[in-house]
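*Asks:* As a plain string of letters, each chain reads:
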Amino acid sequence: QQQRHPLRYRSECRLDKLNNLEPSRRIEAEAGFTELWDEEEEEFKCAGAIAARHVIRRNGLFLPSFTNAPELVYVVQGSGFHGAVIPGCPETYQSDESSQFQGRGQGRRGEESEQRGDRHQKVRFISEGDVLALPAGVTHWIYNRGQSDLVLVSVLYTANEENQLDENYRQFFLAGNPQQYQQQGGRSRRYEGQGQSQSRRGQQQQGRRRGQQQQQQESFGNIFSGFDDDILSDSFNVENELARRLKGEDDQRGHIVEVRDELRILSPRYERGEQGERESSEHEREREREQREREREREREQRRRRQRGRGSYDNATDAASPNGLEETLCTLRLRENIDNPERADIYNPRGGRITTLNSFSLPVLSNLQLSAERGVLYRNAIVAPHYYMNSHALIYAIRGSARYQVVDDNGQTAFDGELREGQFLVIPQNFVAVKRASEQGFEWIGFRTNDVAMVNPLAGRLSAFRALPEEVIQNAFDISREESRRLKYGREELAVFSPGQRGRQ
Amino acid sequence: QQQRHPLRYRSECRLDKLNNLEPSRRIEAEAGFTELWDEEEEEFKCAGAIAARHVIRRNGLFLPSFTNAPELVYVVQGSGFHGAVIPGCPETYQSDESSQFQGRGQGRRGEESEQRGDRHQKVRFISEGDVLALPAGVTHWIYNRGQSDLVLVSVLYTANEENQLDENYRQFFLAGNPQQYQQQGGRSRRYEGQGQSQSRRGQQQQGRRRGQQQQQQESFGNIFSGFDDDILSDSFNVENELARRLKGEDDQRGHIVEVRDELRILSPRYERGEQGERESSEHEREREREQREREREREREQRRRRQRGRGSYDNATDAASPNGLEETLCTLRLRENIDNPERADIYNPRGGRITTLNSFSLPVLSNLQLSAERGVLYRNAIVAPHYYMNSHALIYAIRGSARYQVVDDNGQTAFDGELREGQFLVIPQNFVAVKRASEQGFEWIGFRTNDVAMVNPLAGRLSAFRALPEEVIQNAFDISREESRRLKYGREELAVFSPGQRGRQ
Amino acid sequence: QQQRHPLRYRSECRLDKLNNLEPSRRIEAEAGFTELWDEEEEEFKCAGAIAARHVIRRNGLFLPSFTNAPELVYVVQGSGFHGAVIPGCPETYQSDESSQFQGRGQGRRGEESEQRGDRHQKVRFISEGDVLALPAGVTHWIYNRGQSDLVLVSVLYTANEENQLDENYRQFFLAGNPQQYQQQGGRSRRYEGQGQSQSRRGQQQQGRRRGQQQQQQESFGNIFSGFDDDILSDSFNVENELARRLKGEDDQRGHIVEVRDELRILSPRYERGEQGERESSEHEREREREQREREREREREQRRRRQRGRGSYDNATDAASPNGLEETLCTLRLRENIDNPERADIYNPRGGRITTLNSFSLPVLSNLQLSAERGVLYRNAIVAPHYYMNSHALIYAIRGSARYQVVDDNGQTAFDGELREGQFLVIPQNFVAVKRASEQGFEWIGFRTNDVAMVNPLAGRLSAFRALPEEVIQNAFDISREESRRLKYGREELAVFSPGQRGRQ
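Here the protein sequences come in this chain order: A, B and C. When we follow the numbering used here, the leftmost residue of the first sequence carries the number 1, and every step to the right adds one. When we follow the numbering used here, the leftmost residue of the second sequence carries the number 1, and every step to the right adds one. When we follow the numbering used here, the leftmost residue of the third sequence carries the number 1, and every step to the right adds one.
Bound-form chain A, shown alone (with noise of 0.2 Å):
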């Protein structure tokens, strides 16, 4: 006899067996690609999380578009523009006809009439190493820039209370014809799951679906071409063969897509003398000229915060800000370099290092509710048990290769195995995790599902065997007092270990 089970608010996470987790499907485009990890595995489920790496190749742009769950990003390798659409902000961008940007323009391209200049919001420059944090519904697009591959690893936090849809990801498009993206990823997906994790009613929904696909397959589009081309016409007030246009019906290039020439973006390092300079020591100068400004972006956040209490994207627009362009949501910093050796927090010169990332050094993180980790673990090296105390982590492995532990509440081993580049792991929260790099040394970037998540490392300095009192540790696990001390002082190191000897012959 059916009986219910009642749930508040989550069902239960069946999490006594993790895995390694690879992109089970992949989505081609003309000037690239994207996996998509299964947002059907159980770890993903639980953290209310979805994966997916983004391939752009050279001069590839990823055409505009915004989700219903926030996203963070963590740039792999290559460089390029990210431009965000923060409705309401002015456009802070200008050029006129004198400016060199155009004169450059109107030299290498004289065959069109440019009678004035361009004018848009900020674009960013991203390269690798960044973290760049979108909140959920802000249009952006991201156009490679570099010689190289553009690649972007990222995790969609579908759990998040700014998202009010349900927990599917839904990717809405503002150009383009990316209909292999809608039929395969987000949320579609789900109904053409195979039997394994289907319910009775989800296989009557698929049917349904299906049939409704196989009607309506040419029809999936982007966001305008649901409307009639004469409410197009009339908003844009541009003719109707023009608002058509909007539709891409006829697009084939999918949502990545092939810039005919190069992009050229009105960005203050193109406003400079020095062109015939190398391009190499002009982009040294602008990662310089960069990080000064970032350094000015962190400086007055940092003003501001101390002004109001904790910054947060929720309350950027406060009315206190002096000066309405400076000191608004329109110049939210969304992107912070976390790679960058200097910046580690935690660093051992025979071990490695960790750098993190959370909303008091990147406030827009406050409203993602996400935060990161980048970590390098040279051969060998150990981090310490740890446990997440506040969120789960998802981990990405950047290169070589570790091996975890991940034991849960029972005790019991729910993960033992090799990390290898371009896996994910999940460690849920509060499960207890450790690694050790193999001969390649590691390298990964965890995404926390909490914008100030907690680690509470269980051995080294700064430990819970050193905040515990010698005589509660040797009557806990019924030991000497010598032993005891050895347990609690055994190693001076904090959470990045250099290779152990004594378990290995």
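Since the hints were made in silico from the structure, they are not lab data. Hints should not be assumed to be uniformly reliable.
No copy labels: a pair is met if it fits in one copy or bridges any two.
Below, computed lysine to any residue pairings styled on SDA-like, alpha-carbon distance capped at 25 Å [to be verified]:
hint : residue 1 : residue 2
1    : LYS122    : SER366
2    : LYS122    : VAL452
3    : LYS17     : ASN168
4    : LYS122    : ARG485
5    : LYS122    : GLU492
6    : LYS122    : ARG486
7    : LYS122    : GLY88
8    : LYS122    : PRO90
9    : LYS122    : GLU482
Since chain A is already given, all that's left is putting chains B and C on it; use the hints.
*Replies:* What follows is chains B and C alone, placed relative to chain A:
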């Protein structure tokens, strides 16, 4: 085989087909009626909200009650008094025997021996165009003191975190015998729904519940009806007979009762001397005085917020207040006019106007997690394609009609039709909507499920297209630079557009 | 046919019948036992909370552990030490060889060679009447240093947003072999429940799980038992044999172990010279000193809050702190006495007293989203009809008994009975409750699921009836003006009423 479909705090929203919704049932009472929208509609379920319309006839009193969900009310028509019980707050309205109010009262109802004046908490005057914010659990009553019907439309946000019960809306009456209200309204209705949305378990419950209802049919009542007479008698220190009157057992008047004589509420407007003047002119002056009072309230709030960071319901009782009476929860502003054309946030003399109300202008909304928009669209005018970034929008048509198109993430049309006076349309988060007023024009009130709801327009000034660099538009839609400029700059208006010519012939 | 019942983050609460609840199982250990209430009870499920009672015998040590849910503990009887591990915080309690503590220790346990003093984090003295707040994921231990049993009753708030796992309560032990605890306590219990509350799917799981349990029966253990010996040995830099002791494999003592000799915890109270004095008098002075220390802590917190707006666990590490040590998370106050009659918030010499503790008086509660009320009701005294506006209330009877009546939104009696010592009663949000102490009087501790829980009394001074205008009462209940006055002013007492005469003969 039955398999589990793990959910994380929300089931799937099936929103590929939206509807313009009319109330599904009506609850009559002595001096008015309440109409409720069907809470089982997918849109309302997904938004976690319920809609209702109350019509209180002249001299009608909506009995004191509270609900488990915060409520945002819009006064569509008429005027009246609203009283809210803020626990722990003093009775700040008081009269003595020599007051004009009392004098008047004695003159007209001399049969009652009134030895001393009344004392009670603040009473608010409400009239057409006011928004009224009611936190969950706050007892309140409404009285129609005007000449015409007092019509209120409201949204109850059961998904608000202040509601710790389930998603069912529950109304607790302090008085009367609102039997019909409870049998048909709120939760019990779920058990009586038709088979359509019934699970097997639901049907069992239904059976069981129906049985209960038949047995206990006479026992529905207000919150006092479940207590022993003795307990009530002791609690109020009155004789059993009067205590029994609290239960309203023989009361047949329903949830809106007719006041025998006019309700003489102690209120600043009656304290003035000019009784001989015409009501209309007095009414005018009252409005003016009120306007001034509201301005003062706003000033005080802003002062507080500047001192304390973002002022919210939670920290309203902050010990830092210099003055216990003035600066606390007790003087929380619950009402704000949103209809005054002079307060419009967006105005286009050829298109119409939109006014918004969020927690910056009415701080209590940060507790409700709701905000409102009031719009007027002239004949054939257009609201540009736009989406709500971080909220659903529940649109109620006040007057006239408009054609809406709403598109989902697959580019498919989720709604394409007319929204007419008295109907609700729910626009889910991130879905893209456009509307064109009919020949009669269109007026609406929108309830949004975020206290700082953000809208992103896709055409016109300050739109997403303006924020994008020309070359991104050019490459995204595969059009010429000149075409991208026309898309970007074709409309100089902001959000509310004058009627188009292009799409209509 | 199986149909879907879409839920939005919570299933339906069936609360038409509440019960006074006693613990459903008991977990024995060497030096005490834990009793757990049945988490499958509808009331607990709906409140998203779980209740437990711990009895720690003289010299017993509750092993270091942490849970996925924040916990609010009330000390019903006895006294002891409490230690919490706040990660990243320094060990602020330290001794050297010449200290009195060490001297004393060496004198009594000279057999151990103590070369240097101990260092550990702050240890808190707890005693009867204290409330202890434990954020999720914080490792803590408790030691009974008194002469009698240390009795704790606690509520674990699994629905707190800090818990990102499912609603099951999971306890992670850092030491020992709490096999019985894990087999019967927390999550695994669900799989062993009787058919009553089992779904078909649940039964399958049960079968599967049981199989697992039988196979792995010996593998339950603490969090170290799932790691390889080598990894542990390297992590702690100790030999394999000692590392293996961490797993507690042969430990038969359970989760509360007996300390062999008295636990000599480094603590300010032992640092003073007067060792010859009687314990009781020393105890007295300690309480005084503690009182002063707590006052100072409160002052510091208020100062911080005045500077920063509402002080919360989240911004406790705010960079604005002038002093890294004193002003951070590391010195967070976790404990507060709620039993001292002098601190009563409401007091009626003929009725009793009520003391509340919320995040204004103990800021860490804003992280727990819990608050507490401690009540004493003299014989036959009454607590007026009241409802909790924004929380559930989990009432635990400490001494004596009371008759409770609880009424739901339909005016039906959800509970009418005696609540006796050692029982829990859950009063759902908005349900109206009244209680009358028995001849023995009544004492209770209430746990409320909101850090600023608000109560609305319906009778007496500052009640809803006082806030309503007389004419509203008159018309709502259809009574005379004189009767409405008697209802409104019949009781001059506030919330806690002296025994009534009217209803009792």
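*Asks:* Which holds for LYS17 with ASN168 at a C-alpha limit of 25 Å: within a copy, between copies, both or neither?
*Replies:* So LYS17 and ASN168 pass the 25 Å test inside a copy (23 Å) and across (17 Å) alike.
*Asks:* For LYS122 and ARG486, with the copy left unspecified, which applies at a CA distance of at most 25 Å: within, between, both, or neither?
*Replies:* between (56 Å within a copy, 21 Å between copies)
*Asks:* At most 25 Å between CA atoms: does that hold for LYS122 and VAL452 within a copy, between copies, both, or neither?
*Replies:* For LYS122 and VAL452, the Cα distance is within 25 Å only across copies (23 Å; inside one copy 28 Å).
*Asks:* Could you figure out if LYS122 and GLU482 sit no more than 25 Å apart (CA to CA) within one copy, between two copies, both or neither?
*Replies:* For LYS122 and GLU482, the Cα distance is within 25 Å only across copies (22 Å; inside one copy 62 Å).
*Asks:* Treating 25 Å as the Cα threshold, decide for LYS122 and GLY88: within, between, both or neither.
*Replies:* within (13 Å within a copy, 38 Å between copies)
*Asks:* When no copy is named, should LYS122 and GLU492 be tagged within, between, both, or neither for a Cα gap of at most 25 Å?
*Replies:* between (47 Å within a copy, 21 Å between copies)
*Asks:* I want to check one pair: LYS122 and SER366. Are their C-alpha atoms no more than 25 Å apart within a copy, between two copies, both, or neither?
*Replies:* within (22 Å within a copy, 30 Å between copies)
*Asks:* Could you place LYS122 and PRO90 in one of the four classes (within, between, both, neither) given a Cα distance threshold of 25 Å?
*Replies:* Intra 9 Å, inter 43 Å, cutoff 25 Å: intra-copy only.
*Asks:* When Cα atoms must be at most 25 Å apart, do LYS122 and ARG485 count as within-copy, between-copy, both, or neither?
*Replies:* between (57 Å within a copy, 18 Å between copies)
Of the numbered hints given earlier, the model fails none.
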